[in-house]
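What follows is the residue order along each chain.
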Amino acid sequence: MRLNYPASVKIIRVPCTGKVDVIHMLRAFEKGADGVYIVGCKEGECHYKKGNYRARKRVEQAQKILNTIGVGGDRVQMYNLSSSDAPLFVKYANEMNERIMGLGPNPVKLKKKKAA
Amino acid sequence: MNAKTPSKLEKIMAAGHFGVTSECGPPRGSDPDVIRKKGELLKGYVDAVNVTDNQTSVVRTSSLAACIHLKLIGLEPVLQMVTRDRNRIALQSDILGAASFDIHNMLCLSGDHQSFGDNPQGQNVHDLDSMQLIQTVRKMRDEGKFLGGDEIKRPPKMFVGAAENPFADPFEIRAIRLGKKVEAGAEFIQTQCIYNLDKFEEWVRQARDRGLTEKVFIMAGITPLKSVGMAKYMKNRVPGMDVPDDVVKRMADTPKEKQAEEGVKICIETIQRLKECKGVSGFHIMAIEWEEKVPDIVKEAGLYPRPQVD
Amino acid sequence: MIVADRKPIEEIIEQVKDCKKVLVLGCNECVTVCEAGGKKEVGVLASALRMYYANKGVDNRVDEITLERQCDHEYLEEIREKADQYDAIISIACGVGVQFTAEKYHAIPVFPGVNTCFLGVTEKRGLWTERCQACGQCILAYTGGICPVSRCAKRLLNGPCGGSSKGKCEISKDTDCAWQLIIDRLKAINRMDLYEKLFSIKDWSKDRAGGPRKVIREDVMI
Numbered sequence: 001m002r003l004n005y006p007a008s009v010k011i012i013r014v015p016c017t018g019k020v021d022v023i024h025m026l027r028a029f030e031k032g033a034d035g036v037y038i039v040g041c042k043e044g045e046c047h048y049k050k051g052n053y054r055a056r057k058r059v060e061q062a063q064k065i066l067n068t069i070g071v072g073g074d075r076v077q078m079y080n081l082s083s084s085d086a087p088l089f090v091k092y093a094n095e096m097n098e099r100i101m102g103l104g105p106n107p108v109k110l111k112k113k114k115a116a
Numbered sequence: 117m118n119a120k121t122p123s124k125l126e127k128i129m130a131a132g133h134f135g136v137t138s139e140c141g142p143p144r145g146s147d148p149d150v151i152r153k154k155g156e157l158l159k160g161y162v163d164a165v166n167v168t169d170n171q172t173s174v175v176r177t178s179s180l181a182a183c184i185h186l187k188l189i190g191l192e193p194v195l196q197m198v199t200r201d202r203n204r205i206a207l208q209s210d211i212l213g214a215a216s217f218d219i220h221n222m223l224c225l226s227g228d229h230q231s232f233g234d235n236p237q238g239q240n241v242h243d244l245d246s247m248q249l250i251q252t253v254r255k256m257r258d259e260g261k262f263l264g265g266d267e268i269k270r271p272p273k274m275f276v277g278a279a280e281n282p283f284a285d286p287f288e289i290r291a292i293r294l295g296k297k298v299e300a301g302a303e304f305i306q307t308q309c310i311y312n313l314d315k316f317e318e319w320v321r322q323a324r325d326r327g328l329t330e331k332v333f334i335m336a337g338i339t340p341l342k343s344v345g346m347a348k349y350m351k352n353r354v355p356g357m358d359v360p361d362d363v364v365k366r367m368a369d370t371p372k373e374k375q376a377e378e379g380v381k382i383c384i385e386t387i388q389r390l391k392e393c394k395g396v397s398g399f400h401i402m403a404i405e406w407e408e409k410v411p412d413i414v415k416e417a418g419l420y421p422r423p424q425v426d
Numbered sequence: 427m428i429v430a431d432r433k434p435i436e437e438i439i440e441q442v443k444d445c446k447k448v449l450v451l452g453c454n455e456c457v458t459v460c461e462a463g464g465k466k467e468v469g470v471l472a473s474a475l476r477m478y479y480a481n482k483g484v485d486n487r488v489d490e491i492t493l494e495r496q497c498d499h500e501y502l503e504e505i506r507e508k509a510d511q512y513d514a515i516i517s518i519a520c521g522v523g524v525q526f527t528a529e530k531y532h533a534i535p536v537f538p539g540v541n542t543c544f545l546g547v548t549e550k551r552g553l554w555t556e557r558c559q560a561c562g563q564c565i566l567a568y569t570g571g572i573c574p575v576s577r578c579a580k581r582l583l584n585g586p587c588g589g590s591s592k593g594k595c596e597i598s599k600d601t602d603c604a605w606q607l608i609i610d611r612l613k614a615i616n617r618m619d620l621y622e623k624l625f626s627i628k629d630w631s632k633d634r635a636g637g638p639r640k641v642i643r644e645d646v647m648i
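Protein chains in written order, with our numbering: chain A, 1 to 116; chain B, 117 to 426; chain C, 427 to 648.
Same shape as in the complex, but just chain A (with noise of 0.2 Å):
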């Protein structure tokens, strides 16, 4: 099924998306990045049972701390998916590139380029 998605998403692999903690979305704006989502199971689906509920109220975490120091709340986001949905991957992808493209780049990134 070859299909393509943009380039501008880096994939990190993880072994449940309950591994992934509000610091490491944090840290991801920190270096640079200008949007972060997770992809999760299904919800219900989870093969850990609950790690995907958990990353969606980290996500919720994240969003209300970038919210508050003006990085934007919205450029973290949580979907679910079949792992043997490529489709749905690809659709999700697009969805976070045009979601970015529109917000523009990450603010912190922009004023650390200008002072340096």
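The set of hints was computed from the structure by calculation and includes no laboratory data. Just so we're clear, the structure is a prediction, and the values are computed from it rather than from any experiment. Incorrect hints may have been included.
Simulated crosslink set (DSS-like; lysine-lysine; CA at most 25 Å straight-line) [claimed, not checked]:
#1 A/K57 <-> C/K550
#2 C/K550 <-> A/K19
#3 C/K599 <-> B/K351
#4 A/K114 <-> A/K91
#5 A/K31 <-> A/K57
#6 C/K466 <-> B/K296
We have chain A already, so just place chains B and C on it with the hints.
Chains B and C only, in chain A's frame:
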């Protein structure tokens, strides 16, 4: 039981008559006429009038000041005191203050939690609880001593009461708890408003079995329902209140304009039935902001004229 | 454990907005367990602050250290060499840690990063509830191991009050009536005789009422 204080309420019940008390909530302002007007409505129909102490934790004129106003127009006040707002220093001091005006009745309470009132962010004190306040005032009266042990010149002469809610949970300890209040020194008990008579009679029976009705005057709490709305509100919203469905139904089945009348009827029937309940020594009629109804209730329940004692 | 809750980041930012070099100081004890002030929370707060400053266009430094404890000299001494370089320390230990840090590093402003709430337990992850008010004179032997001082809204020693309904407190349907719990427990251990006894007036001088308290143990002092 023999009277031990100058309290008229005590003397009446000690002589074997039913005691009758009512209630007067001080105003949310400083106009003494509000208190006097309420007092005048009750004059001659009740033996003593309770004055609430910042009930539901809403700030009002102090109970002690309102008691003095009533006393000055010739009524016998019952000073309500909650342990929520004062520590043991202030409580003892206010007891002395009341005694200095020859206020001879006092009701010891813990008080509604402040979260219900107009200052939910305030602290509560609860240095003593209601039973310990009973112990305190009894020590002051009987031993003539402060909690700290020093002697009191001209000790207070208070007839000491407490409240009890026979309908609160857990039911099985309610009579035991009443026993603790009696042991602490309570001489009369005013109960929560009674709508569930079966349960109330069961509680009195338990108290009788423990020999408590020989040691304490139980005054049954009576509140006339004004409307079906009030019945429902009491049933669903007031913690520890037991309004059975048939009472609500009876109010609901009555046409709106007749509901108040029906509410009064229910409370007269309640008094009639409880007069026959061995262990009930009196009635505490709390007509909330409806004081003008009290004389009718007292008359129609056969509690008028009030007995005279010296 | 001492249970604390995170302060809103806005509030912390307001405290340190003019500081150039900030240290976020965590604690490995209670606040780690209640997920308010451990290493993880230090990381999140520091990262958020760094981004906040960067976004403002200022080149500030925010460092992270988490100590074993902030309530003992030996651990707090670990930052002795570094402390001077900061113009603010945000301690996300409990109020004890914040104060001890402030006492030790007298000339450096120390700000609290959490609200210290109570002494309690983890009922389940994300739910911590109060158990003790450190009144200094434990009465649990008489109340079936359930504390009315910390768990009754009116701290009644002779409860329950008239507001107890179906096992719940009058202040909220989410709050257990402490005296219902006590009675249930006394029944379970067959000690209802304890309930029948009147609780006499409590000596609150061992509580906060007596002023700042001390425990002095000559036998372990060197």
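For each hint, the structure was consulted:
Between A/K57 and C/K550 the alpha-carbon distance is near 16 Å, which keeps this suggested pair within the 25 Å criterion. Between C/K550 and A/K19 the alpha-carbon distance is near 20 Å, which keeps this suggested pair within the 25 Å criterion. Distance restraint check for C/K599 and B/K351: the Cα-Cα separation of roughly 15 Å lies within the 25 Å cut-off, and the hinted pair is therefore satisfied. With a C-alpha separation of about 34 Å, the suggested pairing of A/K114 with A/K91 is violated against the 25 Å cut-off.
At most 25 Å may separate the alpha-carbon atoms for a hinted pair to count; A/K31 and A/K57 meet this at roughly 22 Å. Distance check on the hinted pair: C/K466 and B/K296 sit about 52 Å apart at the alpha-carbon level, beyond 25 Å; violated.
Violated hints for the displayed structure, listed by number in ascending order: 4, 6.
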